[in-house]
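J.: First to last, the sequence lines map onto chains D and W.
Positions 8 to 201 (this note's numbering) are the ones given, in order, by the first sequence.
Positions 8 to 201 (this note's numbering) are the ones given, in order, by the second sequence.
Because the hints were derived from the structure by calculation, they are not lab data.
There's no promise every hint is true.
The list makes no distinction among identical chains, and a pair is therefore deemed to hold if it is satisfied within one copy or across any two copies.
Said to hold, decoys possible - 20 Å max Cα-Cα, derived SDA-like pairs, lysine to any residue:
#: 1; residue 1: Lys160; residue 2: Gln195
#: 2; residue 1: Lys47; residue 2: Pro84
#: 3; residue 1: Lys82; residue 2: Asp120
#: 4; residue 1: Lys160; residue 2: Asn181
#: 5; residue 1: Lys10; residue 2: Gly49
#: 6; residue 1: Lys160; residue 2: Ser184
#: 7; residue 1: Lys160; residue 2: Phe193
#: 8; residue 1: Lys10; residue 2: Arg96
#: 9; residue 1: Lys47; residue 2: Ala141
#: 10; residue 1: Lys57; residue 2: Pro122
#: 11; residue 1: Lys160; residue 2: Ala185
#: 12; residue 1: Lys10; residue 2: Met125
#: 13; residue 1: Lys47; residue 2: Asp152
#: 14; residue 1: Lys57; residue 2: Val29
#: 15; residue 1: Lys57; residue 2: Gly33
Protein chains: 2
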Amino acid sequence: MSKGAATRVSILDEALHVASQVGFEGLSIGQLADRTEMSKSGLFAHFRSKEQLQLQTLDHAVSRFTDIVVRPTLKAPRGERRVRELFDRWLDWETDALAGGCVFATASIEYDDQPGEMHDALVRQQRDWAEFIATVAGTAVSEGDFRSDLDAKQFAFSLQSLMFGYRHAGRLLNDPSALDRTRAAFEQLLDASR
Amino acid sequence: MSKGAATRVSILDEALHVASQVGFEGLSIGQLADRTEMSKSGLFAHFRSKEQLQLQTLDHAVSRFTDIVVRPTLKAPRGERRVRELFDRWLDWETDALAGGCVFATASIEYDDQPGEMHDALVRQQRDWAEFIATVAGTAVSEGDFRSDLDAKQFAFSLQSLMFGYRHAGRLLNDPSALDRTRAAFEQLLDASR
C-alpha cells in the first residue's frame, strides 16, 4: 500500500469509529482533522464535502464488513455450516469491530426518512446484504439442510431482525443475556427452517 | 383540559413529530418556537434546557404509546388473543402514529452509547416495555395457549427484534412486502411458542 493509500485508510478508520458512536451526521471534516492531527485544508482537499466524507466512510464500512463477515462466510462449506458461519461472523462485527456498534444499523435510523445520496447508497448496500443472506440460506436448501420450500428472503428478514434485537438488548439495555437470547432465537429460526 | 395544559400537549405533539423524523438530538427550542409560532422565550421558560425538552418529549411518547398500544392490549382477553392485540397495536404505532416511525427505536440508536438522563429514562422505559410483553406472553401460558415451559423473556426479545426488522424493511428499504414478512415471522414465533 502506498503512503497516500495508507493515510487514506487510517483517516477512514477514524471516521468509521466516530460514525459508529455519534452517527454519520455527527461526522465533520474539522473534528476529523483534530482527531487525525492532519490539516483541515488537506482533508477538505481530499473529501471536498461532508457528504463525500460520509459516502466514503460508508464505503469503507462495506469494505471492512466484507473482510470480517462476507469473505469468511464464503469460505465455509455450503449449507447450514455456512449459515452458522455468517451468523457468528456477523455477531463479531456487531460486537467487536467498532466501538459504537454496527454503523449500518446507525445509518438505517439516520437516513430512513432523509432522501439523498447517503440514503441511496445505504439502501443499495442493505439490499445487497439481504440478498447475500438469502443466497447463503439457499445453499442450505440445496444441500438438504433446510427444507425445500423455505422462503429464503423470509429467513433473511428474520435474521436481520435478530441482529437489531441483539444490538438493542446488548448495547442499550446492557442485558447480560443479550448474546444468549440472540443465539437461542437463531437456533429457533434454524429449527423452523429444517 | 386547561388552556395551559392543551398548549403544552400541542407543543409536545410537535416535538414528538420532529423527534420521529430527525431524532431527539435534532430537537431544539428555537426550531420548536418557529414550528408552533410561540415565542422562544416562552418555550425557554417552560422547558429550561434542551435536555428537559428531550425528556418531556420522551415522556409524552410514553403517554401516547400507552394510549395506542398498552390500553387496548389490556382490554383484550388474556391469552393468545391478547398477544395478537399487542402485536397489531404495536404495528399501528410503528406504521401510523408518527410520520418518522417509532421514536423509541430512534432514541435507542441515539443514546445507546451516550450516558445521561435521556439514556437512563429510555432504558427504564424499554425495560418496562420488555417486561410488559413478557407478562402478556405469560397470560398465554397460563391460559394454555402457549406451552408451559415457554421462556416469556425470550419471546419478548424475539418480538422486539421483529419490530426493528419491520421498521428497517418498511421505512429504509421501502420493501412492499415488509408487513407480510413481519406478520409471517410473528406467526412463526407463535408456532414455536405453542
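J.: For each hint, tell me whether it holds in the structure or not.
T.: Against the structure, the hints come out as follows:
1. In this homomeric assembly, Lys160 and Gln195 come within 20 Å of each other (Cα to Cα) both inside a single copy, at 17 Å, and across copies, at 14 Å.
2. Within a single copy, Lys47 and Pro84 get their C-alpha atoms no closer than 47 Å, and across copies no closer than 63 Å, so neither meets the 20 Å cut-off.
3. When the C-alpha separation of Lys82 and Asp120 is checked against a cutoff of 20 Å, the pair qualifies neither within a copy, at 37 Å, nor between copies, at 34 Å.
4. Taking the shortest Cα distances, Lys160 and Asn181 sit within 20 Å of each other only across copies (15 Å), while inside one copy they are farther apart (30 Å).
5. With identical chains, the CA atoms of Lys10 and Gly49 are at most 20 Å apart within one copy only, with a shortest distance of 15 Å there and 56 Å across copies.
6. In this assembly of identical chains, Lys160 and Ser184 lie within 20 Å of each other by CA distance solely across copies; the values are 10 Å between and 28 Å within a copy.
7. Both within a single protomer and between protomers do Lys160 and Phe193 lie at most 20 Å apart by alpha-carbon distance, with minima of 16 Å and 15 Å respectively.
8. Within a single copy, Lys10 and Arg96 get their C-alpha atoms no closer than 30 Å, and across copies no closer than 56 Å, so neither meets the 20 Å cut-off.
9. In the homo-oligomer, the alpha carbons of Lys47 and Ala141 never lie at most 20 Å apart, since the shortest distance is 43 Å inside one protomer and 52 Å across protomers.
10. Taking identical chains as interchangeable, the C-alpha atoms of Lys57 and Pro122 lie at most 20 Å apart only when both belong to the same chain, with a minimum of 16 Å there against 27 Å between chains.
11. For a Cα distance limit of 20 Å, the shortest separation of Lys160 from Ala185 across copies, 11 Å, qualifies, whereas the shortest one inside one copy, 25 Å, does not.
12. For the homomeric pair Lys10 and Met125, neither the shortest alpha-carbon distance inside one copy (28 Å) nor that between copies (43 Å) is at most 20 Å.
13. In this assembly of identical chains, the alpha carbons of Lys47 and Asp152 never lie at most 20 Å apart, being 54 Å within a copy and 63 Å across copies at closest.
14. Proximity of Lys57 to Val29 under the C-alpha cut-off of 20 Å is found in both arrangements, the shortest distances being 15 Å within a copy and 18 Å between copies.
15. When the C-alpha separation of Lys57 and Gly33 is checked against a cutoff of 20 Å, the pair qualifies both within a copy, at 10 Å, and between copies, at 18 Å.
In summary, the structure is inconsistent with hints 2, 3, 8, 9, 12 and 13 from the numbered list given earlier, while agreeing with the others.
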